[in-house]
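Novice: The chain contents come next:
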Amino acid sequence: MPVTVKTFTSTNEAAAALSSDRSARYLGGGTLVMRALNEGDISISTVIRASDQAMTRIVTSGARIVLGAGVTFARILAERDLAFLHAPARSIGGPAVRNMGTVGGNLFAPVPYGDFTVAMLALDAVVSVQGGLGGREIGIEEFLQSRDRQTGVLVLAISFAKPGSADAFRYRKIARIKPKGGAVITLAAHLPVNGSRIVGARVALGSMAPTPIRARAAERALEGRPLDTSTINAAAAAAVEGTSPGDNALASAWYRREIVGVHLRRLLSGQE
Amino acid sequence: MAKTPLQFQHNGRDVAIFVDGGTNLLVALRELIGDMTPKFGCGQGGCGTCSVLIDGELHLSCLTLAETVAGRTVETLDGIKDGPNLHPLQRAFADNFAAQCGYCTPGMLIAAKALLDRNPQPSRAEVVEAISGNICRCTGYEPIINAVLAAASGGRARA
Numbered sequence: 001m002p003v004t005v006k007t008f009t010s011t012n013e014a015a016a017a018l019s020s021d022r023s024a025r026y027l028g029g030g031t032l033v034m035r036a037l038n039e040g041d042i043s044i045s046t047v048i049r050a051s052d053q054a055m056t057r058i059v060t061s062g063a064r065i066v067l068g069a070g071v072t073f074a075r076i077l078a079e080r081d082l083a084f085l086h087a088p089a090r091s092i093g094g095p096a097v098r099n100m101g102t103v104g105g106n107l108f109a110p111v112p113y114g115d116f117t118v119a120m121l122a123l124d125a126v127v128s129v130q131g132g133l134g135g136r137e138i139g140i141e142e143f144l145q146s147r148d149r150q151t152g153v154l155v156l157a158i159s160f161a162k163p164g165s166a167d168a169f170r171y172r173k174i175a176r177i178k179p180k181g182g183a184v185i186t187l188a189a190h191l192p193v194n195g196s197r198i199v200g201a202r203v204a205l206g207s208m209a210p211t212p213i214r215a216r217a218a219e220r221a222l223e224g225r226p227l228d229t230s231t232i233n234a235a236a237a238a239a240v241e242g243t244s245p246g247d248n249a250l251a252s253a254w255y256r257r258e259i260v261g262v263h264l265r266r267l268l269s270g271q272e
Numbered sequence: 001m002a003k004t005p006l007q008f009q010h011n012g013r014d015v016a017i018f019v020d021g022g023t024n025l026l027v028a029l030r031e032l033i034g035d036m037t038p039k040f041g042c043g044q045g046g047c048g049t050c051s052v053l054i055d056g057e058l059h060l061s062c063l064t065l066a067e068t069v070a071g072r073t074v075e076t077l078d079g080i081k082d083g084p085n086l087h088p089l090q091r092a093f094a095d096n097f098a099a100q101c102g103y104c105t106p107g108m109l110i111a112a113k114a115l116l117d118r119n120p121q122p123s124r125a126e127v128v129e130a131i132s133g134n135i136c137r138c139t140g141y142e143p144i145i146n147a148v149l150a151a152a153s154g155g156r157a158r159a
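These protein sequence lines map, in sequence, to chains A and B. Once you know that position 100 of the first sequence is 100 in UniProt numbering, the rest is easy, because the numbers rise by one and skip nothing. Once you know that position 152 of the second sequence is 152 in UniProt numbering, the rest is easy, because the numbers rise by one and skip nothing.
By construction, these hints were calculated from the structure, which means they are not laboratory data. Be a bit skeptical, because a hint or two may be false.
What the hints assert, rightly or not - Covered by chain A, according to a simulated footprint, are these stretches of chain B (three or more residues, beta-carbon under 8 Å):
| hint | stretch |
| --- | --- |
| 1 | 53–67 |
| 2 | 124–130 |
Stated by the list, open to error - Far from chain A, some chain B residues (derived; all Cβ distances over 12 Å):
| hint | residue |
| --- | --- |
| 3 | G34 |
| 4 | T37 |
| 5 | Q44 |
| 6 | R91 |
| 7 | Q121 |
| 8 | C138 |
From the three backbone atoms N, C-alpha and C, an ideal C-beta is built for every residue, glycine too.
Let the hints inform the model, and build the full structure from the sequences given.
Specialist: In structure tokens, the structure reads:
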């Protein structure tokens, strides 16, 4: 069924159009919306686009990094200042998907996709959204918990504090097919250190629930402690707590629960 | 529903067509322009056989809204040969037996061209990475990788 395509030069107009039409979807890189249209999703009757350059800006100069929602993974891979995000960006799709897929769209990607969002969750990102009545900022965890109700808002950007050191942010995607493949599990950790102790630990997991989630029990095991063997073992043992993985063609829920601790141990101990 | 006029450059030639809203570029190329070289595989961005170059960048035409290429250049396998002469990559694929059923071949060649256009002397790992979004159902990856490396080492990959 043909759909109506509406292109706006301003994000305000695009957001207003998006919020006023329940059957409208915002088209970022196309990897989700076009796929749905190809599959005959009749719930989409309007496609909204915005050509506002703010959607594709990258700001790395200040204390906080800002990624426009329309920034592609290929652009992230081309930014030297974003080297710590190259692993999550490179882990997504093949080159064509990385040329098309966007940071904003990844927030809506269902399991086993959405790997970049796992990294954003570990970095405690804030999502800037624009609805029909104005803009607001929302923590990424809250955003993900209400993701199904966010289809009427336009995501403008994602921002987060740059990790204090290269070692503070870690990422790992477990896939059966390399270099490209859907995730069995995705793990990201941000471990700021004060002296020798971890302060403000965040561990995020993908494919361990319908949306990326924080491994809060593992975070508690890490908090205030040095990253030694006993701390890592405690965090690994707690990794499965609070998870609710599903079965899919890549792995069963049972398998995911069995291996999440193993891979968190490897991530935290720096093993390949 | 009214159709939308769309103009872009297809393999060096200006084209003007009318598309239905929501039409993807693959359908526009195959059904409205008659370029059958990009193939329909999965329609989900998973197989790569619909790969094309948009403004020189590798894209999946099945996931590209046709209207987004207005005023841009689209290059397909049909446009990479030089008149009657095969592109060096096409010749290398033939010489190295890199096609079995041939369904993935257009996408493989376009992905390989995207690589060689920016990196004329890739490593084996870089070739593997470059074609990682393209699925070969015949599992013929080794001769495909060898063909891309042969085209590169022959210095015949054009910019």
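Novice: It remains to establish, for every hint, whether it holds in the given structure.
Specialist: Each hint tested on the structure:
1. Given a C-beta distance limit of less than 8 Å, the hint that chain A covers the stretch 53–67 of chain B holds, as 9 residues qualify and 3 suffice.
2. Restraint check on the stretch 124–130 of chain B versus chain A: 3 residues with Cβ-Cβ distances below 8 Å, three needed, restraint holds.
3. No beta-carbon of chain A comes within 12 Å of the beta-carbon of B/G34; the shortest separation is about 21 Å.
4. Against chain A, the non-interface label of B/T37 holds: every CB pair exceeds 12 Å, the least being about 16 Å.
5. The claim that B/Q44 is not at the interface with chain A is violated, since a C-beta of that chain comes within 12 Å of its own (minimum 5 Å).
6. Consistency note on B/R91: stated as away from chain A, and its beta-carbon is indeed over 12 Å from all of that chain's, at 23 Å minimum.
7. Against chain A, the non-interface label of B/Q121 holds: every CB pair exceeds 12 Å, the least being about 18 Å.
8. The beta carbon of B/C138 sits about 16 Å from the closest Cβ of chain A, which is more than 12 Å, so the claim that it is off the interface holds.
The structure fails to meet hint 5 from the earlier list, while all remaining hints are met.
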